[in-house]
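Chemist: Single-letter residue listing:
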Amino acid sequence: MASIHGWFGLCTGWILFVMFATGTAAFFRYEISQWMMPEANVAPASRLQAAETAVRYLSRTAPHADSWTILLPDDRLPFTRVFAQAAPKPGQMRMMSHEDVVLDPVSGEAIPVRATRGGDFFYWAHFELQLPNLWGRWVAGLCAMALLGALVSGVITHKRLFSDFFTLRWSKGQRSWLDAHIVTSVLALPFHVVITYSGLVTLMTLYMPFAMSANYVQPTNFMERLYARAVIGPASGRAAPLPPLAPLFAQAAARWEGHAPGRVVIGRPGDEAATVTLARSDRELVTARIPLLRFTRDGRITGTDYPPGAGTSSAGVLRGIHMGRFANPVLRWMYIGLSIVGTAMVATGMLLWVVARRRPKSAPTRSQRLAERVNVAVIGGFPSGVAALFLANRLLPIEMPSRAAAELWMLAAAWASAAAVPFTVPAKRAWPTVWAAAAFLYAAVPIANALTTDRGLVASLAAGDWAFAGFDATMILIAACAATGARLTAKIGAKPAPQRRAARTRPEPAVDA
Amino acid sequence: MLEAASLAFLALHSCARGSRHYKDSPASFVGTIHRRYTPAIAAVLLVASFACTVSDYGGAQGAIAWFGIVSLAAIALVVALSWQPDAVMRYAGPAATLVTFVGLATLGW
Numbered sequence: 480m481a482s483i484h485g486w487f488g489l490c491t492g493w494i495l496f497v498m499f500a501t502g503t504a505a506f507f508r509y510e511i512s513q514w515m516m517p518e519a520n521v522a523p524a525s526r527l528q529a530a531e532t533a534v535r536y537l538s539r540t541a542p543h544a545d546s547w548t549i550l551l552p553d554d555r556l557p558f559t560r561v562f563a564q565a566a567p568k569p570g571q572m573r574m575m576s577h578e579d580v581v582l583d584p585v586s587g588e589a590i591p592v593r594a595t596r597g598g599d600f601f602y603w604a605h606f607e608l609q610l611p612n613l614w615g616r617w618v619a620g621l622c623a624m625a626l627l628g629a630l631v632s633g634v635i636t637h638k639r640l641f642s643d644f645f646t647l648r649w650s651k652g653q654r655s656w657l658d659a660h661i662v663t664s665v666l667a668l669p670f671h672v673v674i675t676y677s678g679l680v681t682l683m684t685l686y687m688p689f690a691m692s693a694n695y696v697q698p699t700n701f702m703e704r705l706y707a708r709a710v711i712g713p714a715s716g717r718a719a720p721l722p723p724l725a726p727l728f729a730q731a732a733a734r735w736e737g738h739a740p741g742r743v744v745i746g747r748p749g750d751e752a753a754t755v756t757l758a759r760s761d762r763e764l765v766t767a768r769i770p771l772l773r774f775t776r777d778g779r780i781t782g783t784d785y786p787p788g789a790g791t792s793s794a795g796v797l798r799g800i801h802m803g804r805f806a807n808p809v810l811r812w813m814y815i816g817l818s819i820v821g822t823a824m825v826a827t828g829m830l831l832w833v834v835a836r837r838r839p840k841s842a843p844t845r846s847q848r849l850a851e852r853v854n855v856a857v858i859g860g861f862p863s864g865v866a867a868l869f870l871a872n873r874l875l876p877i878e879m880p881s882r883a884a885a886e887l888w889m890l891a892a893a894w895a896s897a898a899a900v901p902f903t904v905p906a907k908r909a910w911p912t913v914w915a916a917a918a919f920l921y922a923a924v925p926i927a928n929a930l931t932t933d934r935g936l937v938a939s940l941a942a943g944d945w946a947f948a949g950f951d952a953t954m955i956l957i958a959a960c961a962a963t964g965a966r967l968t969a970k971i972g973a974k975p976a977p978q979r980r981a982a983r984t985r986p987e988p989a990v991d992a
Numbered sequence: 011m012l013e014a015a016s017l018a019f020l021a022l023h024s025c026a027r028g029s030r031h032y033k034d035s036p037a038s039f040v041g042t043i044h045r046r047y048t049p050a051i052a053a054v055l056l057v058a059s060f061a062c063t064v065s066d067y068g069g070a071q072g073a074i075a076w077f078g079i080v081s082l083a084a085i086a087l088v089v090a091l092s093w094q095p096d097a098v099m100r101y102a103g104p105a106a107t108l109v110t111f112v113g114l115a116t117l118g119w
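Those protein sequences? They're chains A and B, same order as listed.
Numbering-wise (this note's numbering), the first sequence opens with residue 480 and increments by one.
Numbering-wise (this note's numbering), the second sequence opens with residue 11 and increments by one.
Please note: incorrect hints may appear among the correct ones.
Derived CB-CB ranges, DEER-like [stated by the list, open to error]: (1) 115(B) x 483(A): 24 to 30 Å; (2) 69(B) x 481(A): 28 to 34 Å; (3) 61(B) x 960(A): 34 to 40 Å; (4) 57(B) x 613(A): 40 to 46 Å; (5) 877(A) x 57(B): 31 to 37 Å.
Don't read these hints as lab results, they were simulated from the structure.
On a predicted model such as this, the values are computed, not experimentally measured, just so you know.
Here a beta-carbon is modelled for each residue, glycine too, at the ideal position from N, C-alpha and C.
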């Protein structure tokens, strides 16, 4: 069991670290998107007003599209986002496009925001890992399965689970890393198990498509039932205006205990066979399978989503728990806190693997040296890459071609630079170097924001702009943590080796019985 | 939220009394109770914490939040114990009890 735990962890730990880190950031996906599009500083508007102004904009700019998707503003993302889509090819699923336009919800005019992936990058990178096709999802799934195995084998391996339950000993070398790994694993075990299992459920149709293939001729029909997607019928070919949205919103509110829709999908706009689908906001429901109402052009309800069975409902709730979109600010911070604990669990496990194999009087093997260097490259280097992404968002020219991709290249370049450090200097010098670089980059983010926009930390605090102020404050906090990491690792690295060996062999002080 | 978190902290604090690593403190709220009853007290406090969380956030969100509250309270307790075990065993219990009452009072109970 110990071997299973160690090897599952070692083989997948670095990818899991990136998945946990990006997943943690994805809980603030909308706030990060707000920060990365500082031009979209808009006045709040009702969802109905935002929907009406968006329809006016789309009627003018994309009258012949196959469908329009309108994501309505709310307290987390105050602007409207619209997507105009062409018809999918036969047999293909109707996927949401990444090419969106940001609108002012009051005027309905497009806001010229800088090209950026925003917080969506973290969401997609969390399970697609920026790999093409479905490779990222397969890799993420394999890592999640290994993590589930490592969690179970870890509990079985840990013989003194209850006696060590409240034990965390500092400055005792391997013992401290083991304690830290156990504390971060065991005390948040329910979260780790649920988030891992629900993550696998989120992509279950990819990993286990057999029931779907056996029972459905068209996989798209199954997806529509599982995810409650808007169904768009064939066009009639006869032009006709769209219905007013206010009566449809009123009908939806009457059915959903007063809650407004969060998304509007208009199929075949401008055609007599046009349909308007309203999806309830996912902010108020634990399940990710949100209810739909479909209206014809004359305002009649033609259908709701398919009634969910027990399996579909369970999958919806598990996906909802995984994504945490229902969470209020307190619960969202709790998600963040536990995700950070999960990231720390993976990081301490990887560090423990190296520390546990050190022998006082023998040189580390090649594999140990490699693992130690990759630890520095991933655990110390990836945070620097993320900071570089935020800096690039503020420093790259607004009109730059392929700007969104350039931001990601900056992340890759910064990460690669940090990853090169442990391969050029010894690990004990590499750790403080990469942490110091991360501290510098994170501290530079709020400064770059204040210099390039009128929404710096002081201005945001004065205006009560909590998304911007919170983001800048978080950057400063991460910079402080990285600086502390740099100071501590420099201190540990500066200690002469014999003293450290002496400290390790010193008997542990007696604990109170 | 505040009262649920402090109740969970109290429950875990009473469990920590059972650990061989930490000295019992009579000044603590739970220190006045015999060790034999510690698991029962912890169970009651956890149930109370669950009830408070569900009352604050509703059934589904409350149940999810409760797991998070217990996990984070446990981590906070362990980090505090690793730093100042005697002070935590002596003062954290009464402090958490006070916070519980303040939390309940702000809810109007």
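Chemist: Run every hint past the structure and note whether it holds.
Modeler: We went through each hint and held it up to the structure:
no.: 1; hint: 115(B) x 483(A): 24 to 30 Å; result: violated (50 Å)
no.: 2; hint: 69(B) x 481(A): 28 to 34 Å; result: violated (40 Å)
no.: 3; hint: 61(B) x 960(A): 34 to 40 Å; result: holds (35 Å)
no.: 4; hint: 57(B) x 613(A): 40 to 46 Å; result: holds (45 Å)
no.: 5; hint: 877(A) x 57(B): 31 to 37 Å; result: violated (56 Å)
Hint violations for this structure: numbers 1, 2, 5, all remaining hints satisfied.
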